[in-house]
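Trainee: Read off the chains here:
Protein chains: 2
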Amino acid sequence: MAYPRGYFLVPWKSVDFPDEDSLELSVSDVEVVRGGTVESRHRVHAVVADADGRPVAAIGDPKTLTFHRSAAKPLQALPLVEEGVAERFGFSQAELALCCASHEGEAPHVDGARSILAKAGADESLLRCGAHLPYSEAAAGELLASGGSPGRIHNNCSGKHAGMIALAIGLGWDPVDYHRAEHPVQRRMVREIIRWSGMAEEEIPMAVDGCGVVCFATPLDVMAASFARYSAAADEGEAAADVVAAMTRHPFMVGGTGRTCTDVMEVAGDRVFVKLGAEGV
Amino acid sequence: MAYPRGYFLVPWKSVDFPDEDSLELSVSDVEVVRGGTVESRHRVHAVVADADGRPVAAIGDPKTLTFHRSAAKPLQALPLVEEGVAERFGFSQAELALCCASHEGEAPHVDGARSILAKAGADESLLRCGAHLPYSEAAAGELLASGGSPGRIHNNCSGKHAGMIALAIGLGWDPVDYHRAEHPVQRRMVREIIRWSGMAEEEIPMAVDGCGVVCFATPLDVMAASFARYSAAADEGEAAADVVAAMTRHPFMVGGTGRTCTDVMEVAGDRVFVKLGAEGV
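In the order they appear, the protein sequences are chains A and B.
Using the working numbering, read the first sequence as starting at 1 and increasing by one per residue.
Using the working numbering, read the second sequence as starting at 1 and increasing by one per residue.
Just so you know, these hints were derived from the structure itself, not from any lab.
Nothing here was measured: the structure is a model prediction, and the numbers come from that model.
Glycine residues also receive a C-beta, built at the ideal position from the N, C-alpha and C atoms.
Do not rely on the hints blindly, as some may be mistaken.
Now the in silico label distances, taken between C-beta atoms and shown as ranges [claimed, not checked]:
no. : chain 1 : residue 1 : chain 2 : residue 2 : range
1   : B       : Gly148    : A       : Asp263    : 26 to 34 angstroms
2   : B       : Gly147    : A       : Glu238    : 50 to 58 angstroms
3   : A       : Asp263    : B       : Glu236    : 47 to 55 angstroms
With the Cβ distance kept under 7 angstroms, some of the chain B side facing chain A (calculated, not the full set) [as the list claims (entries may be wrong)]:
no. : residue
4   : Phe67
5   : Ser115
6   : Ala118
7   : Gly148
8   : Ala200
9   : Ile204
10  : Pro205
11  : Gly210
12  : Glu279
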């Protein structure tokens, strides 16, 4: 389901819907309430898909076209597993989880991104995500108080970027400017979106994400179907299982203190894997 | 007009509408576009009111009930002028502007809030807004690099709070816990909302704002009417003129680097005064 400031809640263990034909979603608005008075409302578009990618229930407009943004990260991390790069460079499970992260820039995130780069034999200067202070106010404070300054390694997407650099090196591609649409790394990412969505490349609007790499838009029902199929593949022990296991066993690495993805997976254990994206996905 | 991530654009000089009966607003959605593809949409509710507070045009639902949040600050600063407190303590025009600010915590803002408190003979520890790092990343960096830590004085509402403390002292009230709903300062603020909105107190939902003081909800058309009347009063040289002059002549003090209010007033000069509020007001 996608909420405006939202979540991808993807049950990857089989879920018994009470009655698929009668499943109803009843939330249509998210209300922001202050002192008992509704302050603002956000419309919800949501789709539930079954393991075959068929829509089971929807509210709002299930054909709403929007970008995956960071919710695509579990799909984008999959080539690291399938191409044997994560294994070859000896990524830990926590490091694979970090490749799927929108993180707070806390020590385990920054150390993890550095470790991924070191294992791939890559220099931090290859990173093409922008420099910003750690999202975590505590981590930002520590960095600045110790005389440091915001770096690309602190970017909330640095794990994904480090993983993309490792993918390039692991597959023998020049990692320089791995973020450009024409680079083999980004071409590989397009293939993942095509694979899970079942859409043709020319049907998938692409743009530049906030962190500089290519991002992908599909209708919401297609997005739900992609993640349902991915979850089913994980359930059947395919390579996606490694990504899902990494995320659900290392929720902190997927976000950090106070992040929704982290909090949900810490509570839900291995029953749910979650990745939110910007702009309410 | 109120936009979701929005503005109060209040023309305080008389505006000649081309034809009041035919004025039409044509924006109904704000679209967030990424690479030519619409990523998300925000509905717009907007009301234009004339100097008598009559609605001239509207889109969406003009009766939408929402909180003023920080957009109320120009109304909340008015008692400092009307009660003679700003004059008695010798506030500069820039300091009066700061009382209306949602600021970035840059040096002029922090120095201004300290100056207001000093002129009123008040200690910084009286502030009841929460401590947070300056919104400005540069200012936050400087603070922490110099061994400082986030204080209440850096809160984006510290100018308003310093003004409220000064109001209490100037009127002979105990300034301690000036933020509580039952304190004479907050009772005085309620009177301003009643005065400009024309609503009865029991019709105005109240809650606690993010910075700890009372905030007020009215329908959007009433909010527009309040600001239109306030603008008209300023235009006629009433006390509101001092607040409007302070804001339009010191736009930096109302926000700071990169803030919408500051940017608009720097461009518009004295033709428009602007104050946005949280949650899209």
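Trainee: Under 7 angstroms, Cβ to Cβ, is where B/Phe67 needs to be relative to chain A, so tell me if that hint holds or is violated.
Mentor: Hint holds; B/Phe67 Cβ to chain A Cβ min 5 angstroms, cut 7 angstroms.
Trainee: Classify the hint on B/Gly210 as holds or violated, based on whether any CB of chain A lies nearer than 7 angstroms to its CB.
Mentor: With a minimum Cβ separation of about 9 angstroms from chain A (threshold 7 angstroms), the hint on B/Gly210 is violated.
Trainee: At the C-beta level, are B/Gly148 and A/Asp263 separated by a distance inside 26 to 34 angstroms?
Mentor: Taking Cβ atoms as reference, B/Gly148 and A/Asp263 lie about 31 angstroms apart, which means the hint holds.
Trainee: How does the Cβ-Cβ distance of A/Asp263 and B/Glu236 compare with 47 to 55 angstroms: does it lie in that range?
Mentor: holds (54 angstroms)
Trainee: Does the interface hint hold: is B/Gly148 within less than 7 angstroms of chain A, judged Cβ to Cβ?
Mentor: violated (9 angstroms)
Trainee: Can you verify the interface hint for B/Ala200: is its Cβ closer than 7 angstroms to any Cβ in chain A?
Mentor: Violated: closest Cβ of chain A sits about 16 angstroms from B/Ala200, beyond 7 angstroms.
Trainee: Once the shortest beta carbon distance from B/Ser115 to chain A is found, is it less than 7 angstroms?
Mentor: Nearest chain A Cβ about 26 angstroms off; hint violated.
Trainee: Interface hint check: B/Glu279, Cβ to nearest Cβ on chain A, cutoff 7 angstroms. Holds or violated?
Mentor: holds (5 angstroms)
Trainee: Should the interface hint for B/Pro205 be scored as holding, given a Cβ-Cβ cut-off of 7 angstroms against chain A?
Mentor: For B/Pro205, the interface hint holds, since the closest Cβ of chain A sits about 4 angstroms away, which is under 7 angstroms.
Trainee: Go ahead and decide if the range 50 to 58 angstroms is satisfied by the Cβ distance of B/Gly147 to A/Glu238.
Mentor: holds (53 angstroms)
Trainee: Just to be careful: measuring from the Cβ of B/Ala118 to every Cβ in chain A, is the smallest value less than 7 angstroms?
Mentor: violated (27 angstroms)
Trainee: Is the shortest C-beta separation between B/Ile204 and chain A less than 7 angstroms?
Mentor: Check failed: Cβ of B/Ile204 comes no nearer than 10 angstroms to chain A, outside 7 angstroms.
Checked against the numbered hints listed earlier, the structure breaks hints 5, 6, 7, 8, 9 and 11; every other hint is satisfied.
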